[in-house]
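Participant: Protein sequences, first through last, are from chains A and B.
Just so we're aligned: the first sequence equals residues 1 to 113 in my numbering.
Just so we're aligned: the second sequence equals residues 114 to 228 in my numbering.
By construction, these hints were calculated from the structure, which means they are not laboratory data.
Just so you know, even glycine gets a beta-carbon here, dropped at the ideal spot from N, CA and C.
Any given hint could turn out to be false.
[Said to hold, decoys possible] In silico EDC-like cross-links for lysine to aspartate or glutamate, where the CA-CA straight-line distance does not exceed 20 Å:
(1) B:K157 <-> A:E5
(2) A:K26 <-> B:E154
(3) A:K105 <-> B:E165
(4) B:K157 <-> A:D7
(5) A:K105 <-> B:E181
(6) A:K105 <-> A:E5
[As the list claims (entries may be wrong)] Residues from chain A that face chain B, not an exhaustive set, calculated with beta carbons under 10 Å:
(7) E6
(8) Y35
(9) R41
(10) L48
(11) Y99
(12) L101
(13) F103
(14) K105
(15) G106
[As the list claims (entries may be wrong)] Covered stretches of chain B (chain A as the covering partner; in silico rule of three or more C-beta atoms under 8 Å from a C-beta of chain A):
(16) 153-165
(17) 219-228
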Amino acid sequence: SQQGEEDPQALSIQEGENATMNCSYKTSINNLQWYRQNSGRGLVHLILIRSNEREKHSGRLRVTLDTSKKSSSLLITASRAADTASYFCATEGSGGSNYKLTFGKGTLLTVNP
Amino acid sequence: NAGVMQNPRHLVRRRGQEARLRCSPMKGHSHVYWYRQLPEEGLKFMVYLQKENIIDESGMPKERFSAEFPKEGPSILRIQQVVRGDSAAYFCASSPYREYYNEQFFGPGTRLTVL
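Next up, chain A with everything else stripped away, as it sits in the complex (with noise of 0.2 Å):
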């Protein structure tokens, strides 16, 4: 089955920096989505990127897919510590059971004032 898996599981910057999050999956995909935890909370939906599409921006978001390597990477420019959070990616597959959405396990993102 497939699985999106996040790196790193953790990354600590400074406000003003960027911040790269990558995602691997295995099989094929309808769509990537990206959301946020925060501690203790919710999820919130950031973007979702197509299999057809390679980049896609959204504010200080941008969001690459390579079909071809089963990967994703999340940027954030300009970090403020109010992104401080967990990132999840979760692939919607292509087939029959195309509704569930498969999580990794998150990078911890911890933005320094």
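Model the placement of chain B on the given structure of chain A, informed by the hints.
Facilitator: Just chain B now, with coordinates in the frame of chain A:
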């Protein structure tokens, strides 16, 4: 437009008791999904429901767990005879009718603690 609502937000149960978790999807959404998040882990799919139908429950333990999404009212995830290993955060998500892709909107979760 209210988001996905879950209650209770926190639930404490003793071993052997029953836990009932409720989820009200976003207005207009007819698809509901339940996920479980163990500490330090990502979310794991449990079950996918549409109104009055269980579409896929492949991620749900065969025993003690059940889910429903009745014609009227919220979706319910029921855990009977809870054990300590059931302690986790349970998230519900909903989506509208999907044609091309599935953006799921998540609720704030219910944190279940089994003593």
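Participant: Next, verify each hint and record whether it holds.
Facilitator: Tested hints:
1. B:K157 <-> A:E5: Given that 20 Å is the threshold and the Cα spacing comes to 13 Å, the pair holds.
2. A:K26 <-> B:E154: Distance of about 18 Å is within 20 Å: holds.
3. A:K105 <-> B:E165: Not satisfied, since the Cα-Cα distance of roughly 32 Å exceeds 20 Å.
4. B:K157 <-> A:D7: Distance ~18 Å between K157 (chain B) and D7 (chain A) Cα, so the pair holds.
5. A:K105 <-> B:E181: 28 Å, violated
6. A:K105 <-> A:E5: Holds: K105 (chain A) and E5 (chain A) sit about 6 Å apart, inside 20 Å.
7. E6: 8 Å, holds
8. Y35: This hint holds: Y35 (chain A) lies near chain B, its Cβ roughly 8 Å from the closest one there, short of 10 Å.
9. R41: This hint holds: R41 (chain A) lies near chain B, its Cβ roughly 6 Å from the closest one there, short of 10 Å.
10. L48: 6 Å, holds
11. Y99: Y99 (chain A) check passes; min Cβ-Cβ to chain B is 5 Å, inside 10 Å.
12. L101: 6 Å, holds
13. F103: 4 Å, holds
14. K105: 5 Å, holds
15. G106: 6 Å, holds
16. 153-165: With 7 residues in contact (Cβ-Cβ under 8 Å with chain A), the coverage given for the segment 153-165 of chain B holds.
17. 219-228: With 5 residues in contact (Cβ-Cβ under 8 Å with chain A), the coverage given for the segment 219-228 of chain B holds.
In summary, the numbered hints that this structure violates are 3 and 5.
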